[in-house]
Amino acid sequence: MTRVRSRPSGRIARLRRACTALLLAAGPALADETCQSPYMVRITGVEDFVYVWTLGVEGLGDGSDKLVTVDVREGSPTFGRPIHAAPVGGRHEAHHGGFTDDRRQFWAAGLSDSRIFIFDVATDPAKPRLVRVIDDFVEKSGGAAGPHGAYALPGRMLIPSLSNKDGTGKAALVEYSNGGDYIATHWLPTAEAPNGAANAAVADGYGYDARVLPRRNVMLTSSFTGLDNYMRPLPELMKDAEAMKRFGQTMVVWDFHARQPRTVLHVPGVPLEIRWAWGPQHSYAFTSTALTSQIWLVHEEAGGAWRAKPVADIGDPAALPVPVDISLSADDSTLFVDTFMDGTTRVFDVSDPHRPKQIYEKKIGAQLNMVSQSWDGRRIYYTSSLLANWDKTGAENEQFLKAYAWDRKELTPRFSIDFTAERLGRPHMMAFGARSLYAN
Amino acid sequence: MRPAALLLLAAALAPGAPARGHEGHRPATGRDTAAPAAAAFPLPAPGTYRLPPIRPAAGGAVLDEAGRRLDLLGDALRGRVSVLALIYTRCGDVCPLANADMARLQDLAARDPGLSGRMRLVTLSVDPEHDTPEVMRAFAATWRSPDPAAPAWRFLTAPDRAALAPVLAAYDQRVDARPEAAGGGLSHLFRAFLIDRDGRIRNIYSLDFFDPALVLTDVRTLLIEEARGR
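Chains as they are written, first to last, in the UniProt record's numbering: chain V, 1 to 440; chain W, 1 to 230.
No wet-lab data here; the hints were simulated from the structure.
Owing to the predicted nature of the structure, the values given are computational and were not obtained by experimental measurement.
Even glycine gets a Cβ: it sits at the ideal position worked out from N, Cα and C.
Incorrect hints may have been included.
Said to hold, decoys possible - Label-pair distances were calculated between CB atoms; the ranges are: (1) V/Gly196 to W/Pro53: 42 to 48 Å; (2) V/Glu74 to W/Arg161: 34 to 40 Å; (3) W/His130 to V/Lys127: 31 to 37 Å; (4) W/Pro53 to V/Arg355: 43 to 49 Å; (5) W/Gly114 to V/Asp136: 37 to 43 Å; (6) W/Asp112 to V/Glu74: 53 to 59 Å; (7) V/Ser333 to W/Pro148: 51 to 57 Å; (8) V/Arg414 to W/Pro53: 44 to 50 Å; (9) V/Lys357 to W/His130: 53 to 59 Å; (10) V/Gly196 to W/Asp75: 26 to 32 Å; (11) V/Gly180 to W/Pro148: 39 to 45 Å; (12) W/Thr48 to V/Asp166: 26 to 32 Å; (13) V/Gly167 to W/Pro166: 40 to 46 Å.
Claimed, not checked - Which bits of chain W does chain V cover? Going by a derived footprint, with three or more residues having C-beta under 8 Å, they are: (14) 49-61; (15) 198-211.
Build out the structure end to end from the sequences listed, making use of the hints.
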């Protein structure tokens with residue numbers, strides 16, 4: 001086993017360190033989501049736009065899934081307004097997506113029919129343009145289905161799936177080149193096919209998020225449920241005791257470079273979003289468990305082993321608040337946690353990651369899902385939709401994007417957009433855009 | 001080591017050096033994996049993992065240090081495992097880091113006598129207006145190891161921007177002029193490519209992950225694959 005930089009090459013290495021330090025010390029302040037891939041180009045300055053991957057609603061506007069551009073430039077005559085929509089035609093259970101490493105494309109995935117929509121966001125950042133549709137994801141991947149996120153790696157994209165062609169929860173990680181060419185499929189380990197993973201007796205094969213800590217060569221994955229569950233109406237699903245057993249209970253630590261699972265961690269209660277800490281000595285990540293309403297810490301121990309443990313409750317777990325999205329500040333000090341059922345955001349002081357303490361909470365709406373913050377942590381954005389068949393109904397089916405300023409004490413409203421009144425649909429994932437990225 | 005190369009790198013670090021931000025962004029605060037204090041991690045043993053083909057490597061008209069016209073793929077890449085880095089010589093920020101990594105890679109490979117004849121390094125300039133064959137020749141003298149045991153390292157440029165454009169497009173490499181930058185700054189996202197002897201791209205590295213030990217592990221993995229006859 002070799003070690004990177006185990007044999008530093010003297011003067012070149014020292015100068016490299018000095019140069020890196022200089023680069024880190026120079027330049028303007030950053031602003032970006034804190035949950036983006038570390039391989040990705042970053043925005044300098046304040047974000048200009050928030051792109052919202054939006055589920056179409058039958059009879060509302062064109063009824064199509066679409067990428068909506070919201071103008072968030074203070075002082076702009078259209079500040080706080082949707083200024084463009086790029087429909088993809090039809091409804092595909094729009095869910096998550098992500099930029100390529102050069103941030104020239106945004107890949108947006110549909111959970112129901114496994115289509116991936118690729119938008120050019122560089123030519124005119126205010127008006128993303130659909131340039132390609134990958135419609136053979138299931139066939140090319142060897143049976144993976146339900147593409148979930150899209151995570152930038154150098155020159156390629158990593159697409160974690162939620163399901164497979166049979167609709168169960170056996171999931172995979174699928175790689176594409178930035179050009180949209182299929183590269184490889186890596187199935188999540190199961191007890192029957194552990195693929196070398198330790199502690200494989202608990203491996204359940206479910207998938208959800210996949211994120212990399214490059215400096216430790218570690219990828220972490222989490223687990224949700226398959227297509228046959230997530231496309232069912234939630235009230236019906238929750239009455240089906242057998243179906244409710246088919247949810248993820250694990251996270252997997254991978255050798256990222258080899259794309260091989262190293263160990264399976266037992267994290268009961270459906271661990272969803274993963275947020276790696278940013279600090280150079282912070283080898284840990286947070287997740288939240290949807291059904292048990294806990295914050296879990298996944299951390300590296302002194303000997304190099306990885307452990308997972310619950311470190312805080314989110315609200316009253318007995319009331320099933322269902323934590324969904326989380327967002328860690330760039331300085332690793334605060335963690336935002338949204339809970340869907342009570343429409344509330346909570347802020348935890350996680351400066352001691354082993355002992356998070358809630359320091360703030362605010363009800364944002366009748367239902368709440370995603371939260372995105374700028375790199376400086378001063379601007380926070382929320383959206384409402386979870387899944388078409390899981391969103392609340394009637395008056396509680398609020399569909400919004402709400403923007404706030406955050407001064408580490410209070411969320412102060414900046415603007416709000418009613419996506420139903422605007423006849424746009426159900427807003428889900430948000431990503432930031434800026435013209436400065438493409439100044440040339 | 002290469003004193004001239006070190007002087008060049010030091011010059012890049014000196015006050016008043018050309019603007020550095022040619023990637024259009026800073027490395028991520030705290031997340032920058034080039035930071036050496038945070039870089040030690042175990043690598044898998046060569047040959048214990050797969051490097052699936054990503055796409056065919058592209059060719060195109062290029063010039064070598066003597067001004068000879070070559071095809072990038074047919075004459076400079078195919079036939080040996082190659083590490084291709086796209087840089088430009090006037091670059092004052094990330095390219096010197098990448099050049100230093102290429103130099104370290106060459107040094108590391110030189111220690112394995114079975115390796116140097118089966119791999120090569122290729123540096124291609126993305127700035128043909130300035131980086132003529134003569135400039136690349138001088139640049140090569142700065143960086144290339146004189147050690148006869150070291151693998152070959154070719155320094156190439158394009159005849160002109162029109163000839164370079166399809167090469168950049170094929171490698172998904174966007175390069176833009178930065179009018180505001182002194183000294184002919186360009187904006188590009190550094191990438192290096194691992195290319196097998198059959199001309200297929202097998203890995204793509206950002207600067208953050210362009211570590212010589214890791215790249216050499218990948219090179220050895222491809223050589224083991226060759227030996228096994230795939």
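Now the hints, each set against the structure:
1. In this structure the hint that V/Gly196 and W/Pro53 lie 42 to 48 Å apart at CB is violated, the actual value being about 23 Å.
2. Between V/Glu74 and W/Arg161, the C-beta spacing of about 39 Å keeps the proposed range 34 to 40 Å intact.
3. Take W/His130 and V/Lys127: their Cβ atoms lie about 35 Å apart, and the range 31 to 37 Å holds.
4. The hinted window of 43 to 49 Å between W/Pro53 and V/Arg355 holds, with their beta carbons roughly 47 Å apart.
5. At roughly 42 Å, the beta carbons of W/Gly114 and V/Asp136 sit within the given window of 37 to 43 Å.
6. About 57 Å separates the C-beta atoms of W/Asp112 and V/Glu74, a value consistent with the hinted range of 53 to 59 Å.
7. Our hint of 51 to 57 Å for V/Ser333 and W/Pro148 holds, since their Cβ atoms are close to 54 Å apart.
8. The hint said 44 to 50 Å for the Cβ distance between V/Arg414 and W/Pro53, and at roughly 48 Å that hint holds.
9. Range check, V/Lys357 to W/His130: about 56 Å between beta-carbon atoms, so the 53 to 59 Å window is met.
10. Distance hint check for V/Gly196 and W/Asp75: the Cβ-Cβ separation is about 41 Å, which falls outside the suggested range of 26 to 32 Å.
11. The hint said 39 to 45 Å for the Cβ distance between V/Gly180 and W/Pro148, and at roughly 44 Å that hint holds.
12. Between W/Thr48 and V/Asp166 the Cβ separation comes to about 31 Å, which falls inside the hinted range of 26 to 32 Å.
13. Judged by the Cβ atoms, the range 40 to 46 Å given for V/Gly167 and W/Pro166 holds: they are separated by roughly 44 Å.
14. Residues of the segment 49-61 of chain W lying with their CB closer than 8 Å to a CB of chain V number 6, which satisfies the three-residue condition for coverage.
15. Residues of the segment 198-211 of chain W lying with their CB closer than 8 Å to a CB of chain V number 6, which satisfies the three-residue condition for coverage.
The structure does not agree with the numbered hints 1, 10 stated previously, though it agrees with the rest.
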